[in-house]
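Using the sequences and the hints given, assemble the complete structure.
Going down the list, the protein sequences come from chains Z and S.
Per this note's numbering, residue 1 is the first one in the first sequence, and the count goes up by one each step.
Per this note's numbering, residue 1 is the first one in the second sequence, and the count goes up by one each step.
Be aware that a few hints might be false.
Since the list gives no way to pick out one identical chain from another, each pair is judged satisfied if it fits inside one copy or across any two copies.
[To be verified] Heads up, simulated SDA-like pairs for lysine to any residue below, C-alpha to C-alpha not over 20 Å straight-line:
no., residue 1, residue 2
1, K269, N252
2, K171, Q4
3, K302, R196
4, K269, F137
5, K171, D195
6, K269, F106
7, K312, E287
8, K210, L83
9, K333, N237
10, K74, F137
11, K290, L83
12, K269, S249
13, K302, A3
14, K169, K186
15, K304, D195
16, K333, S105
17, K304, S118
18, K269, R55
19, K269, Y56
Hints were generated in silico from the structure; no laboratory data involved.
There are 2 protein chains.
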Amino acid sequence: MKAQKYIMATRFQGLPNLSNFKLVEEDLPEIQNGEILCEALFLSVDSYMRPYMDRYPVGSTMIGGQVAKVLHSKNPKYPVGRLIVAYFGWRTHTIINPNDEGDKSFMSTITLLPDLGSLPPSIGLGAIGMPGNTAYFGFLDLCQPKAGEVVVVSGAAGAVGSLVGQIAKIKGCFVIGYAGTDDKVKWLVDELGFDRAYNYKKVDIKDSLKEAAPNGVDCYFDNVGAELSAAVRSHMNEFGRISVCGSISAYNDTQPRLVPCAEPSFVFKQLKMEGFLVHRWLDRFPEGTKQMLKWIQDGQIKIKETFTDGFKQMPQAFIDMLQGANTGKAVVKV
Amino acid sequence: MKAQKYIMATRFQGLPNLSNFKLVEEDLPEIQNGEILCEALFLSVDSYMRPYMDRYPVGSTMIGGQVAKVLHSKNPKYPVGRLIVAYFGWRTHTIINPNDEGDKSFMSTITLLPDLGSLPPSIGLGAIGMPGNTAYFGFLDLCQPKAGEVVVVSGAAGAVGSLVGQIAKIKGCFVIGYAGTDDKVKWLVDELGFDRAYNYKKVDIKDSLKEAAPNGVDCYFDNVGAELSAAVRSHMNEFGRISVCGSISAYNDTQPRLVPCAEPSFVFKQLKMEGFLVHRWLDRFPEGTKQMLKWIQDGQIKIKETFTDGFKQMPQAFIDMLQGANTGKAVVKV
Chain Z
1 MKAQKYIMAT
11 RFQGLPNLSN
21 FKLVEEDLPE
31 IQNGEILCEA
41 LFLSVDSYMR
51 PYMDRYPVGS
61 TMIGGQVAKV
71 LHSKNPKYPV
81 GRLIVAYFGW
91 RTHTIINPND
101 EGDKSFMSTI
111 TLLPDLGSLP
121 PSIGLGAIGM
131 PGNTAYFGFL
141 DLCQPKAGEV
151 VVVSGAAGAV
161 GSLVGQIAKI
171 KGCFVIGYAG
181 TDDKVKWLVD
191 ELGFDRAYNY
201 KKVDIKDSLK
211 EAAPNGVDCY
221 FDNVGAELSA
231 AVRSHMNEFG
241 RISVCGSISA
251 YNDTQPRLVP
261 CAEPSFVFKQ
271 LKMEGFLVHR
281 WLDRFPEGTK
291 QMLKWIQDGQ
301 IKIKETFTDG
311 FKQMPQAFID
321 MLQGANTGKA
331 VVKV
Chain S
1 MKAQKYIMAT
11 RFQGLPNLSN
21 FKLVEEDLPE
31 IQNGEILCEA
41 LFLSVDSYMR
51 PYMDRYPVGS
61 TMIGGQVAKV
71 LHSKNPKYPV
81 GRLIVAYFGW
91 RTHTIINPND
101 EGDKSFMSTI
111 TLLPDLGSLP
121 PSIGLGAIGM
131 PGNTAYFGFL
141 DLCQPKAGEV
151 VVVSGAAGAV
161 GSLVGQIAKI
171 KGCFVIGYAG
181 TDDKVKWLVD
191 ELGFDRAYNY
201 KKVDIKDSLK
211 EAAPNGVDCY
221 FDNVGAELSA
231 AVRSHMNEFG
241 RISVCGSISA
251 YNDTQPRLVP
261 CAEPSFVFKQ
271 LKMEGFLVHR
281 WLDRFPEGTK
291 QMLKWIQDGQ
301 IKIKETFTDG
311 FKQMPQAFID
321 MLQGANTGKA
331 VVKV
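What follows is the structure, given as structure tokens:
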């Protein structure tokens, strides 16, 4: 059996380009007792991969999650045909012993995909996977939103942001989203029920906040960072909470961007800002996944996926996602 | 009885100067039932006055705390000769009815100074007053320091910072202070027991952090903001906590200073940063005051005051304090 995988052939400088990636073939051995051979059906491209790969040596396999099918099995818990979610990286085929806990990190978890009924298995990479838990815990635990409060979400049409806004609506908040195209803005309001949405490329952020949140912002779920976030921070109410999930605007910067110093607002508005990595809630993932699935099945959360066809398109799908080409979750279908 | 007071005659632009202030005399009436006439003995000059006064109309009396003596009394709880701490502003004499709760804000509280033994009553404006509670709650509640952790304090030789560093030592932390003169740095290490201290005007902040905290910083108590704080933030450990007490470096800025955008560190280090105003703990002030007094009496916390003589010197003392002329608490003695 031959597996294909993508490695980071050269270090990213700014926005990644196709020459940074190299497709490699490798021979897989026969599986041993306890092992399974998995075939990727859907692979995830996510913005976190950009800064994370900076920590890996050149030549490393690109990291990431996939929904895979068990092709061969010598492990009774993982029978042939079973679908799993795992962090094998950008690989078509993988041999693993699920009983081996690896480094016990999030990236070594292997999850059996629950029964999704008529829902597509690819949502194991999105709303009921890592992005779903990111939205659920990162928003609810760190922002502690109350009904009637005003919530701003940046990167609102992305995999996480689109879920955060809908969770905020379920919790009775007034939700304002920022996204990067008019189509996304329309989708947020017309389909997802955001109260207001703006194309951040076309509006003055401060003016839009005055219009949409004349009494200020209570919670800010930040996927973007830099100038947009500085503007939102300056418009927050006393005891406002900021959950920092990502800073996609900065990931491709070669020099840190300069923004107005924020400390005076933090003091006089008594703001709280916390950044997080979702694995801090790893023990509670089943709770998040279960709730997200229920909300989807009840029609309270709508999901959208932007598919790219073909494993060979992984690099391009990744580059496109970093530039905001996706609405909802970006997924590569093998 | 004639009272003297200072008003803000013109709006501050940048660093205040003497022409911003005007000394005004006013006639005080006879006191009525329930009222007391108080005479200021010590008045406080604090950095918070600079940004707070921006919210008051021109012509307002300068705000601030004082230790005052009851000169005349028609209120049995406040007999003649009793010392109190109150927020009458920059006034020599004040008539007040302590039974009137005013706007119930912090600024309308009147506190009977406890028995201090041989300690000077002026510490009611410092270590056992608002700055003491600021240090006690702002550090312990928001930073949640643990023994063995590394704590950085900026504005470390000031009224609040000098207490925070000593509290951190009591809690078993390794304490690094930044101050603005070599004498202050020497005082922090030789007298207060800071583990390391640096003159931020003379060192490269990042180099000094690498030297003093090779394994990173766990807690940062920030009085200063801007570039210094950006450097400390970039040197923090995972789950680091930042308590933002003030941003004195920015108070006289007419335009917000630009600093490197901090979101990537917040995410990947899972940092938490919270700003505060001390009145959020108003209900717990007795706890803070009692503990601070005990630590002082036990010799675990040392206090230092920088005195300026004469009510007429209030503006100059305030301007000097904003430029860091004081070591420990800046107090004007009438």
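task: Could you place K333 and S105 in one of the four classes (within, between, both, neither) given a Cα distance threshold of 20 Å?
output: Neither. Shortest intra-copy (26 Å) and inter-copy (61 Å) distances fail the 20 Å Cα cut-off.
message: Reference check for the pair K210 and L83, CA-CA at most 20 Å: within, between, both, or neither?
response: neither (48 Å within a copy, 48 Å between copies)
- prompt: With identical chains treated as interchangeable, where does the CA-CA distance between K269 and F137 reach 20 Å or less: within a copy, between copies, both, or neither?
  reply: between (24 Å within a copy, 17 Å between copies)
field: 20 Å Cα threshold - placement of F106 relative to K269
entry: between (36 Å within a copy, 16 Å between copies)
field: Homomeric proximity label, K171 with Q4: Cα distance no greater than 20 Å
entry: Result: close neither inside a copy nor across copies, 44 Å intra and 55 Å inter.
- prompt: Between K269 and R55, at a C-alpha cutoff of 20 Å, which is it: within one copy, between copies, both, or neither?
  reply: between (36 Å within a copy, 14 Å between copies)
query: Between the shortest in-copy and the shortest cross-copy C-alpha distance, which are at most 20 Å for K312 and E287: within, between, both, or neither?
result: neither (35 Å within a copy, 65 Å between copies)
message: I want to check one pair: K333 and N237. Are their C-alpha atoms no more than 20 Å apart within a copy, between two copies, both, or neither?
response: For K333 and N237, neither the intra-copy (43 Å) nor the inter-copy (38 Å) Cα distance is at most 20 Å.
message: One pair to classify: K269 and S249, alpha carbons no more than 20 Å apart. Within, between, both, or neither?
response: For K269 and S249, only the inter-copy Cα distance (18 Å) is at most 20 Å; the intra-copy one is 25 Å.
Same-copy or cross-copy closeness of K290 to L83 [CA-CA at most 20 Å]: For K290 and L83, only the intra-copy Cα distance (17 Å) is at most 20 Å; the inter-copy one is 62 Å.
query: For the identical chains here, do K269 and N252 meet the 20 Å Cα criterion within one copy, between copies, both, or neither?
result: between (31 Å within a copy, 19 Å between copies)
- prompt: From the Cα coordinates, with 20 Å as the cut-off, is the pair K169 and K186 best called within, between, both, or neither?
  reply: within (17 Å within a copy, 56 Å between copies)
In summary, the structure is inconsistent with hints 2, 7, 8, 9, 10, 13 and 16 from the numbered list given earlier, while agreeing with the others.
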